[in-house]
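**Q** Read top to bottom, the protein sequences are chains A and B. Residues 17 to 279 (the working numbering) are what the first sequence spells out, left to right. Residues 3 to 416 (the working numbering) are what the second sequence spells out, left to right.
Everything labelled a hint here was simulated from the structure, so no lab data went into it. Every residue, glycine too, gets a C-beta built ideally from N, C-alpha and C. Just so you know, not all the hints are guaranteed correct.
Here are some of the chain A residues that sit facing chain B, going by a computed Cβ distance under 7 Å [to be verified]:
no., residue
1, 136
2, 158
3, 159
Facing chain B, from chain A, some residues (calculated, C-beta under 8 Å) [claimed, not checked]:
no., residue
4, 104
5, 115
6, 117
7, 124
8, 128
9, 142
10, 155
For reference, the chains in residue letters:
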Amino acid sequence: MSQRVTSSPGSSERAVRTDEHFFPGSHLAEIQMVIELEQVTKVYRTGAIAVAALRGVSLSIKSGEYVAIIGPSGSGKSTLMHILGCLDTPSSGTFRLAGEDVSSMSEAALATVRNRRIGFVFQQFNLLASVSAWQNVELPLTYAGVGRTERKDRAMTALAKVGLAGRVQHRPGELSGGQQQRVAVARALVTEPDLILADEPTGNLDSVSASDVLGLMDELHQAGRTLVLITHDIEVASAAGRVVGIRDGLMTENDNRDLENVR
Amino acid sequence: MSWLETLRTGINGIRSHRLRSGLTVLGILIGIAAVILTVGLGEGAQAQVGSEITSLGTNLLTVSPGSSTSNSGIRGGFGTASTLTMADATDLSSKTVAPDIKAVAPTTSSSETLTAGSSNWSTTVVGSTTSWETVRGRTVTQGRFLDNQDITDHSAVVVLGSTTASELFSGSDPVGQTVDIAGVPMAVIGVLNTVGSSSTSSTASDPDDQAVVPITTAAERIFGGTSRNSVSSIVIQARSSSDLTAAYQEADHLLLNLHGITTASDADFSITSSASLLSTATSVDKTLTILLAGVAGISLLVGGIGVMNIMLVSVTERIREIGLRKALGATPGLIRRQFLVEASVLGLAGGACGALLGIIGALFLPGAVGDPITISPPATALAILVALAIGVVFGVYPASRAAHLAPIDALRSE
C-alpha cells in the first residue's frame with residue numbers, strides 16, 4: 017500500500033506503473049498528476065471592496081492519492097473546492113486537471129470537464145427528489161451522452177458497489193441520510209472520473225452514517241481512486257492519507273504522511 | 003444529450019409539479035378554446051349569411067325601376083315608377099349587345115289570395131318568364147315549369163311553391179288541379195323544389211311559399227293596372243361571378259340608351275347585385291369575428307405571460323437542481339434547452355387540450371345558443387401551433403436565466 021501513494025512530489029517511475037495497474041487502459045496511465053495548482057488566487061469583488069479568498073495556493077495531487085483539505089470557515093477552502101471542482105475559475109495562476117489547463121476555459125467547456133473528470137459528493141447530498149436512486153446515479157451519464165441501457169447498467173453497478181443494490185428503485189425521500197450519501201457517492205463514481213471531490217460529505221450525517229460514508233471513501237481509495245475531501249473536522253481529515261491545511265487563503269501546512277502513519 | 007432525453011427530462015420536471023403545471027396549462031387552454039370558439043362562431047355566422055344570400059340566386063343583378071313622383075310632388079322611392087318594360091327585358095337578353103348576360107327574367111309580383119276548393123291561402127304571386135327557373139336556380143319536383151308557349155299564349159297556368167301547395171291541397175297531388183287567383187281559375191302545372199326556409203332572415207320572403215305564373219297572364223288577367231307592359235323588376239344572371247361587373251356595365255349602358263338618358267345620375271332605374279349584399283353582410287360578420295378573436299387573443303397572451311411567470315418561479319425554485327445539473331456536466335445550452343422544452347410542452351399541452359375543449363364546445367354550444375359554429379381543421383392546427391409558439395417565446399427568458407446561473411451560486415442556495 018505504501019508504494020502506491022508516494023509522499024513526495026516528483027515520484028518514481030514505479031508509482032506510475034502501479035497506477036497503470038489500477039487503471040488498466042485508462043488515459044490516467046500516462047498522467048501522473050491529477051491536480052496541479054500554481055500560485056492560484058481568487059479575488060471576489062463586491063462593489064468597491066475586493067476580497068481575496070485565495071492568495072497564491074500551490075498544490076499537487078497525484079493519481080490515487082487521498083487528500084483532505086482542512087480549514088475553518090472563511091479560510092478559503094470552499095473557494096478552493098470550487099476551483100478544484102471546475103465550478104469556478106481562478107483570478108490568476110494556473111490549474112491543470114489531469115494535465116489539462118482549465119484556468120481560462122469557457123463555461124460550456126468546464127461543464128464537459130466536470131462531467132468527464134470529476135465526481136462530486138456534496139454535504140447536502142443534492143439528489144433529485146422526484147426520481148429514483150438509479151435515475152439519480154445515471155444523471156451524469158445522460159450529460160455524457162451514454163445510451164439508455166448502458167446508463168442503467170452502469171448505474172446499477174455503481175449502486176451495487178456502494179451496497180445499495182436492493183434500493184435502486186427508492187426515491188431519496190425513502191432513504192436514510194447515510195443511504196442518500198451513498199447514492200451520491202455512486203453518482204460520483206459512475207462516470208469513472210479522474211477525481212472524486214467530496215465537500216463535507218459527513219457534515220449532515222450522524223456519527224454512525226458518517227463513519228459508514230468515510231469507510232466507503234476509504235474503500236474507494238483502496239481501489240485506486242483519487243479522492244479530495246474538504247472538511248473543517250480534523251477527525252474526518254485524519255481518514256485521508258495526506259492532510260493539507262488552509263487558512264486565510266494560504267496553505268498553512270503541507271502535512272504529507274504515509275498511510276501507514278495514519279493507521 | 004439528445005432532444006429525446008431533454009424531452010423526457012422536461013416531462014419529468016412537469017410531472018413532478020402537477021398542480022402548478024396544470025394551472026399553467028389551464029391558462030393556455032382557456033385562451034385556445036376561446037379563440038377556436040369565437041372564430042368558429044364568426045365563421046359559422048358568415049357561412050350562414052352567405053348561404054342565405056346565395057340561395058337567393060348567384061351572379062345576379064336586379065334592375066329596379068326608378069322613383070315615381072305623385073301629383074303633390076311626393077317621390078315614392080325606387081321601384082314605385084313603372085319605367086321598366088318587357089321590351090327592356092327582351093333587349094337585355096340579346097347576346098350581341100350584352101354578351102356577359104346569361105339569362106334575363108322580368109318579374110312582376112303582387113300579394114294575392116289563392117283559393118282551391120274550400121281552402122284559401124295568401125301568398126306572393128310572381129309573374130315571370132321561363133328564365134325565372136334558371137335565374138333563381140330552382141327546379142320543379144312535380145309536373146313542369148312554365149314554357150315559352152305559356153308565355154306567348156297568356157296561358158292560365160301556375161307553378162306553386164312546396165309550402166303553398168301543401169297549404170292549399172294538404173297532401174294530395176296538386177298537379178292538374180285548379181287554383182283561383184284573384185278570381186281567375188288557373189291550372190296547377192308543377193310544384194317547385196323545396197330550398198328550405200330561411201326563416202331567420204327577414205330580408206327575403208320564403209322561397210317555398212309563392213306562386214309563379216306567366217308574366218303575360220299576370221299583367222293581363224291578374225294584376226291588371228294601367229301599364230300592362232311594365233315590370234316590377236328585371237333579374238339578370240351573369241355568365242359567372244367574374245363577369246358580374248361586365249354584365250352590370252352592359253345592362254346599365256343599354257338601359258340608359260333605351261330610356262334616352264344621357265347622364266347616369268338621371269337614370270330612372272337602379273341595379274343592385276347580390277354579391278354586394280353578400281360582401282356587406284360578410285364584412286359585418288368579419289369585423290365581429292376580428293373583435294372576438296382579438297379578445298380571445300388577449301386571453302392567450304395572458305396565458306403566455308402565465309407560462310413565463312410559472313417558468314420563472316420554477317427556475318427560482320429549482321435553483322439547486324440547476325446547480326447540481328451544471329455540476330454534473332450540463333452545459334448552459336442544455337439547461338436552456340431543458341427549460342425551453344418544459345415551456346413548450348406546457349404550451350403544446352394547453353393548445354391540444356384547448357382545441358379539444360373548443361371542438362367539444364362547438365358540438366354542444368350551437369344547441370344552446372342557436373348559432374352555428376364552424377370548426378376549421380387548419381385553424382385548429384394553427385391554434386395548437388400558436389400555443390406551442392407561446393410556450394417557446396415566453397420560455398426563452400426563464401430558460402436563459404436558468405442557463406446563466408453560476409453553478410456555485412445555484413448549489414449554495416438553500
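**Q** All hints, please: hold or fail.
**A** Going down the list of hints, with the structure as the test:
1. 136: OK, holds: residue 136(A) within 7 Å of chain B, min 5 Å.
2. 158: holds, 6 Å
3. 159: holds, 4 Å
4. 104: holds, 6 Å
5. 115: violated, 19 Å
6. 117: Since chain B brings no Cβ nearer than about 19 Å to residue 117(A), farther than 8 Å, the hint is violated.
7. 124: OK, holds: residue 124(A) within 8 Å of chain B, min 4 Å.
8. 128: holds, 7 Å
9. 142: Result: holds, 5 Å to nearest chain B Cβ.
10. 155: holds, 6 Å
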